[in-house]
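2 protein chains.
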Amino acid sequence: MISSISTNQIKYVLALEKTGSFSEAADLCFVTQSTLSIMIKKLENQCNLILFDRKSKPITLTKEGEELINQLKLIYQEFEVLQEIIQGTNQEFYGNLRIGIIPTLAPFLLPLFLNKLVTNYPNINFSIDEITTQEITKRIKTRELDIGILSLPIEDQELIQTSLFNESFLIYDASGTFSRNKKYKIKDIDVSRLWLLEESHCLSSQIEKICLLKKMDTSKHNLEFKSGSILSLLELVNMNKGLTLLPKLATLQKNLIKPSYIFNLVNPIPAREIGIITHPNFSKKRLLDILEIEIKKSVKPLLDKTKRIQLINPY
Amino acid sequence: MISSISTNQIKYVLALEKTGSFSEAADLCFVTQSTLSIMIKKLENQCNLILFDRKSKPITLTKEGEELINQLKLIYQEFEVLQEIIQGTNQEFYGNLRIGIIPTLAPFLLPLFLNKLVTNYPNINFSIDEITTQEITKRIKTRELDIGILSLPIEDQELIQTSLFNESFLIYDASGTFSRNKKYKIKDIDVSRLWLLEESHCLSSQIEKICLLKKMDTSKHNLEFKSGSILSLLELVNMNKGLTLLPKLATLQKNLIKPSYIFNLVNPIPAREIGIITHPNFSKKRLLDILEIEIKKSVKPLLDKTKRIQLINPY
DNA sequence: GGTTGATATTGAAGAAATCAATAGTTGTAT
DNA sequence: ATACAACTATTGATTTCTTCAATATCAACC
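Respectively, the protein sequence lines represent chains A and B.
Residues 7 to 321, numbered by my numbering, are exactly what the first sequence covers, in order.
Residues 7 to 321, numbered by my numbering, are exactly what the second sequence covers, in order.
Keep in mind that a hint or two might mislead.
All copies of an identical chain are treated as equivalent in the list; a pair is satisfied when it fits inside any one copy or across any two copies.
Unchecked claim - Below, computed lysine-lysine pairings styled on DSS-like, alpha-carbon distance capped at 25 Å:
no., residue 1, residue 2
1, K69, K291
2, K290, K147
3, K48, K291
4, K63, K79
5, K47, K69
6, K48, K61
7, K290, K122
8, K48, K302
9, K122, K48
10, K47, K79
11, K302, K69
12, K302, K47
13, K61, K291
14, K303, K122
15, K24, K79
16, K48, K306
Don't read these hints as lab results, they were simulated from the structure.
Using the sequences and the hints, build the whole thing.
Rendered as C-alpha cells:
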C-alpha cells in the first residue's frame, strides 16, 4: 500500500504521459532526465506496478498505467484548485498597513522581513515611518498609524503591547582600550568617553540607565552632537576614538561595523525588549499575527539565546 | 505558490482538524507530536496562511483554515480512491505460475525475490520445481511449466529465452593448495582433484568445458558420487580435501561456505548466463516482466560487474 | 558493426522528514 | 500569586528523499 505520494510525483507521471519521452517530460518539469527516470520508477515501485512501456516509441502507458492515469489527473486537478484557493485566500489580505518603527531599529530589522511581506501580500500597501517612540504612540492613539515597532514597555496602558524579542546591548569601542580576552561588565565603561544619540531617542535613555547616570553629562565632550542616526553616531565615535553601546542587530551590519570593535557585556547582559504596539481597536488582527510571526522568524537566527539578561526600560 | 505537497501533509492537517489536539493527531498518524507540529507549520508556511488557532482548546481551524479544509479533504479522498485502484489493479494478477529452476541456482536465487512476489501478489499461486535443464525444457514444451529459470542458451530454438544476469564461477578449494595472494587462471586447476555433480546437471558440463575436458574422468577418485545437491558436493569436497567450481551466488552462503576456501578466477572469468525461458504461447507477459525485474533487482547488488568474462554454454 | 538518440544508473550533495529529549506555554488549583 | 499538569514548540541527530552531473547502457538505424 502506498503510504504517501507528492504532487511532484504526479506531475512527473502526467508530463511523461503527455510527452511520451523522459527527456521532454523532464524539461517540462524543469528537472533533469535522471530525476524524472528515478521518480517514475519510485512511484512504480510504490504502486507495485509498471506504469509505462519503455519499449514503445513514444513511451506509452501500460494497461496498469491506463487504469491509474485518470485518477492521477483528477488528484492533480484538485491540487490546482487548492492552489487557487490558497492564492485567493492570500489576496483577502488587502488595504493599508501603516507601521511606525524607531530609528535605532528600522534599518536593521526592516530588511529582514519586509521584502517577504511585500511579496506575499501584494494587495497590502505598506507604509513605514521611521520615528521616535513618542511620535509612534501619539500617532497610534490618533489612528494615524496601525502598528508601532519599538522598545517595550511603554507607559501608556491604553495601547496593546506584544513582545517580539529581546535585543542585547554590546560595547562598540573605537578607542582600543577594550581587549578581546576579558569579560566586561557595565561598570567597566568609561562614561566620560561615551557618546549617545540625541535625547529624544529611547536608546539614549536606555544607555543612560544602563550606565546608572541620571542625565548624561555631555559637556565632557568638546563637541555638540545631535543626530538620530546610528550611522552618524558611529562616525563620531570613530573620529573621537570614543565608545558607545549598540543594540545587537546594529552590530551585525558587517559593512558598517568592524567586528573587532564589538565587545560583549556579561553578568547580566543589558537588553531592550522589542515589541509591537497597536490601538485596542485595531482590527487587522490576522495581519498582526503574520507580522509578529515573520519578524520573530527572521530575527531568531541572529540573536543569541542567553538567559542572564536585564531588560532596560526605555523611559 | 505551493510547489509540491504530499498526502502525508494533508493527512496531518485532517487529523489535527479531527482531533483538535497535536498529540492526539500525532498518535492517529503514527508519528511523534514534534513531527506533526513541524509538518503543520511547514504547510502553513507553504500556504502563507495560518490554518490552526493554537490558542483555542480544542485547537480549531482559523478562517483561512476553513477555506482550505474542504479541498484538502477532497484531495485526500481522491487519493484514497487511487489507492483502491492500485490495490485492485494489483489483484488482477491472479492464477497459477509454475516455475522450473535448476538445482544449482534454486536455493541461492529463490530466497532473494520469492518472498516479495508471494506477498505482493497474493492472488497468484506460485509453484516451484527444482529440476534439471532437460526436464525444464521438456515440461515447458508440454505446457506443464510456465517459466524456466536456468543457464542459457538452450539449444531448443522454439522457446523464448530472456537473459537475466551472468553468474561467474569461483574456485572452492578445501585442499589448502591455493593461496590468497595469487591470481588463478583455469589452467591452474588440478583436474584430478576436481569433484562435480552428477552428469545430468548443466553445471557439470560447464565445469568440464571450463577445464577443457571432453568427459570428466572420475575414475581417479576412489569414490562413486551421484548427487544433484551442491550441499552434498561441498561435503564431499571437504572430506576429500578436493576442489570444485561454484557459481557466485552459492559462494555467498556464509553459513555453508568458508570464505577462506573461495578463490577468484581471472583472465577471463568463466561465467554462466542465467535467464528465463518460456513457451512462445505463454500469455502472462506482464507477470514475466515483473518476475524479470524483481530477479534482476534482487541479484544485482550481489554480483560484481566485471567485463572480462567468458560465458560457458551449458550443453 | 559503429553511430546516434534515447533511458538507466551512479555517486555525491543538499533538503526534508522523523524522532527522542527538552524547553516553553497556558490554564488550573492551590 | 505559585506550582503543577497538560499541552505545543524547539533542538540536535539521524535517516531518508530528492536532485544533479556524469556516465553507462540499450536500441534502432545505417
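Evaluation of the provided hints:
1. K69 to K291: between (54 Å within a copy, 12 Å between copies)
2. K290 to K147: within (16 Å within a copy, 81 Å between copies)
3. K48 to K291: between (45 Å within a copy, 22 Å between copies)
4. K63 to K79: This pair counts as within: shortest intra-copy Cα distance 22 Å, inter-copy 38 Å.
5. K47 to K69: The answer is within: 16 Å in one copy meets 25 Å, while 40 Å across copies does not.
6. K48 to K61: Result: close within a single copy only, 18 Å intra versus 40 Å inter.
7. K290 to K122: within (18 Å within a copy, 57 Å between copies)
8. K48 to K302: The answer is between: 16 Å across copies meets 25 Å, while 39 Å in one copy does not.
9. K122 to K48: Between copies, since 16 Å is at most 25 Å while 35 Å is not.
10. K47 to K79: within (18 Å within a copy, 28 Å between copies)
11. K302 to K69: between (53 Å within a copy, 22 Å between copies)
12. K302 to K47: between (42 Å within a copy, 14 Å between copies)
13. K61 to K291: between (59 Å within a copy, 14 Å between copies)
14. K303 to K122: Within. Shortest intra-copy distance 12 Å satisfies the 25 Å Cα cut-off; inter-copy 47 Å does not.
15. K24 to K79: within (11 Å within a copy, 28 Å between copies)
16. K48 to K306: between (38 Å within a copy, 17 Å between copies)
This entry satisfies every hint, going by the numbered hints stated previously.
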